[in-house]
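Peer 1: Chains as they are written, first to last, in my numbering: chain A, 1344 to 1727; chain B, 3 to 655.
Hints may contain errors.
[Claimed, not checked] Listed below are the simulated DMTMM-like cross-link pairs for lysine to aspartate or glutamate, each with C-alpha atoms no more than 20 Å apart in a straight line:
1. A/K1607 <-> A/D1587
2. B/K449 <-> A/D1383
3. B/K239 <-> B/E264
4. B/K479 <-> A/D1640
5. B/K22 <-> A/D1383
6. B/K41 <-> A/D1356
[As the list claims (entries may be wrong)] Distance windows between CB atoms, simulated:
7. B/E183 <-> A/G1388: 35 to 41 Å
8. A/G1442 <-> B/F602: 55 to 61 Å
9. A/D1640 <-> B/D168: 53 to 59 Å
10. B/Q320 <-> A/V1613: 25 to 31 Å
11. A/M1652 <-> B/E179: 30 to 36 Å
12. B/E179 <-> A/D1640: 42 to 48 Å
13. B/Y598 <-> A/L1443: 55 to 61 Å
14. A/G1604 <-> B/D429: 31 to 37 Å
If you are wondering where the hints come from, they were derived from the structure by calculation, not from laboratory data.
Quick reminder that beta carbons are idealized off the backbone N, C-alpha and C, glycines included.
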Amino acid sequence: MFVARSIAADHKDLIHDVSYDFHGRRMATCSSDQSVKVWDKSENGEWHCTASWKTHSGSVWRVTWAHPEFGQVLASCSFDRTAAVWEEIVGESNDKQRGLSHWIKRTTLVDSRTSVTDVKFAPKHMGLMLTTCSADGVVRIYEAPDVMNLSQWSLQHEISCKLSCSCISWNPSSSRAHPPMFAVGSDDSNVNYGGKVQIYEYNENTRKYAKAETLMSVADAVHDIAFAPNLGRSFHVLAIATKDVRIFKLVPMRKESTSTGPTKLEVQIVAQFDNHNSQVWRVSWNITSTLLASSGDDGCVRLWKANYMDNWKCTGILKGDGSPLTGSSGQPTAMSTVVGSSVQTSQNTQNGMSAGRIGKRAPFAPPLRQLTSPKISQQHPAYY
Amino acid sequence: MEELDVEPAITNIPAASDGKHLGFAWGPGDLLVYETLYKASSGAKGSGCSFIHEVRKDEDIYSPILRKLFNESHHIFVGLQTIQEDLPSKNKKPQFVSISKNYRSVIRACMEELQQVAVSTKDAKVAMQYGNQVSILLAIELIWNLSEVLFIDSAPAGSLLLHLLDWVRLHKADVDEKATEVLQSESPAEHKDYWDVVLSYVMQGRLEESRQMLVKQATLHPAPRSMYKLMDTLLSKMPFYNPGGNQTLTEYDVKWRHWHEEVDRCLQDNSFASNKHLEIICRILVGDEDTLLEHKELLGTWYHFLVTRLLFSHPTVQPTELHYYAQSCMTMFLDSRSVPEPLDNILLAAFEFDIHQVIKECSIALNNWWFVAHLTDLLDHCKLLQSHNVHFGSNLREFLLLEYASGLFTHHSLWQLAVDYFDHCPDLGRVYLELQIERVPLNTERKALKVLRICEQRQMSEQVRSICKIMAMRALKNNRLGSALSWSIRAKDAAFATLISERFLQDYCARGTFSDLDLIDNLGPAMLLSDRLTFLGKYREFHRLYGEKRFGEAAKLLLSLMTAKIAPRSFWMTLLTDALPLLEQKEVIFSAGQTYELMFCLEELTSSLSSVAPATDGTMQDEDIEQTKVELLRLALARNLAMAIVKEGTVST
């Protein structure tokens, strides 16, 4: 892995969250400076800030994108006890020319009495739904019944988790076999209060969310939690950031037809890593859940990968080299930018070696003029 | 199974490291990393100068030259997947070998191009970067070639050595360069590299060429001519196995032994004692290991040493015996202080026929999945992964192909190649494709259609729906109603189609014209997606009929829009107003019956309107206009009724 480019974020205070949009062409950043910025990637891969505005009257903890089926919509949550929904408006043409976009506040969700610690949109098949959790231990699920009118959100569910909540994650599975499910983590550090991860499941009959499971083995403070994409499996995979990185498998048990309660889950631990030495603060899966990234007190981001035998290993570490960049943005070092026009066409056309159809190529090329010897540098294994 | 413990690769991020945290966010092909502090829940101030670093996984994918490797090997891969399954695998061997050669020639082509750029560039850094890539490709080709000889072609004793000789010759080609240099000099026999070239030729078993070189020396020194003649005879008489001929391996072995004894005799009776160089050649010919090891720098590598040693001591080596010689040659060749490099271990594993180990070490040592994925796939097609006791063969193949294809998906144009790779992964290919393809940025309608086609071909209905929905929403937000409507029709999204139809009708009411006539005129059965869309289509049809002066049909359609409850009540007044010009034509268009029905519609509408609470002052003026309209309508209807009755009466009598 290598740093392709560095972008001067220009926030006046700590950045708390960076979030990619669904297609990876936009990102949003939020900070203790109470603002959110939106960045757009140009054709040549450069990032440009196209909007920056004050969103809250306190530190903004998290920012997240709605699925593009619902338009260009962001949600943010803050220390100021609120969460907010923002929508991009196609503005005046001269704004567009200047590369700026307009975001307007569609709603402020003020139900929490304490800091709103996480905000997540539910999977798109459930409609446009937003979930918040807060330090007072309440998870709130809001719905926008009319996706064309984002100023109206109704509070659909209010679930008390008893413990101060730090993070939520929706199970992304859209399979009919799986009712809507989310996990909520608590950063309460008192180990005597029991499991710090609770799993809730929607019940069609009662139209309410009910607790399906508490992961009793996770007794320490939990800072982040992430369901993996389902990949058509019958079970669910959940990563947890606590005093270590843990990966759990949640296997739904066969449901008795008479039972109306939530699905019983069999909880299996798949992997547990204490490489960060102390608290782990974030966990997140890549698109196909082949890689898990975690960030911890050791100041590193670690990448975890399972091989085809389902053995998990740390395959990469990103760590600060102690030299914070100052000044303007860094130089891109990607090959594509350095090569330029020096690429010439092969002169070996008489050997049929030039780029072209394989069928026409002579099966064997004459030996290469060898200035170089075969060698494998072991710096960047492909294992991750 | 034994697991290799590999140290994770460390990537340095230009950020402070002490006490700070690194935050991150996953992107499609990269990771965004930034400095943060997670514990600072209340007021701890961070630095204002914050950077976000874009960390990429695979830089090879961005190399324009390697892109050709990806593109061309994709064709070979697809061809390989469609090889007839019904042929017995033995008969397919020549096909597999030729596919393997095709892959290798793509690697070679790529290498040539990289080499040229590396040589021609003036930028030292770029030259080094390309030089490194050439080294890696050379290693890949070397491993692939050996795998082809040992696993795919699986040459038997006799042919095996011939193949190994070809392998060494191909990868130790600097001899020819040196030979040219020597031969072009004024006096080749006195050139400082003369004997190096002769020895190199001998050690590669290129005896004909070494004899030609020796002639130069013989003509120069007439005195020991007999000695040169003897050497020439020995070289010319060395037997090589001919796999196509009718000689059996045993016969060949006997013949070779005779020759070997003859060489040995020459050595024993000091035939070449007076010429140091010829003496060395003779020692090499009897397979003297010490002499060979004295010429390490000419051999270059332990595997060259291995092949030369086999050539002159065990030309009928069995595949199963290879690993023994390989191990001992490597130990003998490498100094005690030098540690085997990854490449050495990979080749050794190949000589041990441990395919799994080869694949595994390659995936650890190489910085891309291209090689392991394609080689493993080919070996799997050759049914080699089972026969070598790798029971999880298909999983390993799929695992590697999925990794490779996922990497391709992060590239803005290579992702299209990845689709075919996913298609040929029976277990998880489809799920991976579903997850990846919906993330392809839909920058333009053309790109969206391209992605859509791929999804439609594979019956990925949810992805199809989602893409159309995204495009419809985007078009609507940009006020491109026509595009929004056609995307929502494709998405079969009735609610959205209703919403957009509503917009169209609003626009019509405001401006009196329709936009996107082409689309609305050609809705066809798509019109039935939503009631409102049906109405929109029918209403536009009314306008068309009216425009074409087909008043009778227009009138009938207009009336049916209300009586069949296709038109929303809110639109009835507009429809009735549209009827006005028809009512006021000279000839009677609405029959008496139709006029009655129109009157009924108007009364139904006005009675429902008057039941609503009277409007406030602000709308008084609107109210007046409405009232005038209703009165005008009543008048027109009454007049038309009168005319219709008269006309109908006239016709009946």
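Peer 1: Run every hint past the structure and note whether it holds.
Peer 2: Status of each hint after checking the structure:
1. Straight-line distance between C-alpha atoms of A/K1607 and A/D1587 comes to about 26 Å, which puts the hinted pair past the 20 Å bound.
2. With a C-alpha separation of about 19 Å, the suggested pairing of B/K449 with A/D1383 holds against the 20 Å cut-off.
3. A hinted pair counts as satisfied when its Cα atoms are at most 20 Å apart, and B/K239 with B/E264 qualifies at roughly 10 Å.
4. Taking the CA atoms of B/K479 and A/D1640, the gap is about 43 Å. The hint is violated against a cut of 20 Å.
5. A distance of roughly 27 Å separates the Cα atoms of B/K22 and A/D1383; the hinted pair therefore is violated under the 20 Å criterion.
6. The suggested pairing of B/K41 with A/D1356 holds, with an alpha-carbon distance near 14 Å, which does not exceed 20 Å.
7. Restraint check, B/E183 to A/G1388: a C-beta distance of roughly 46 Å breaks the suggested window 35 to 41 Å.
8. At about 58 Å, the CB distance of A/G1442 to B/F602 agrees with the hint of 55 to 61 Å.
9. For A/D1640 and B/D168, the Cβ-Cβ distance of about 57 Å falls inside the hinted range of 53 to 59 Å, so the restraint holds.
10. For the pair B/Q320 and A/V1613, the supplied restraint of 25 to 31 Å is violated, since their beta-carbon distance comes to about 45 Å.
11. Against the hinted window of 30 to 36 Å, the Cβ-Cβ separation of A/M1652 and B/E179 comes to about 46 Å, which falls outside the hint.
12. Separation of B/E179 from A/D1640 is about 57 Å and departs from the stated range, judged on CB atoms against 42 to 48 Å.
13. Here the CB-CB span from B/Y598 to A/L1443 is close to 60 Å, well matched to the stated 55 to 61 Å.
14. Taken as a hint, the range 31 to 37 Å holds for the pair A/G1604 and B/D429, whose Cβ atoms sit roughly 34 Å apart.
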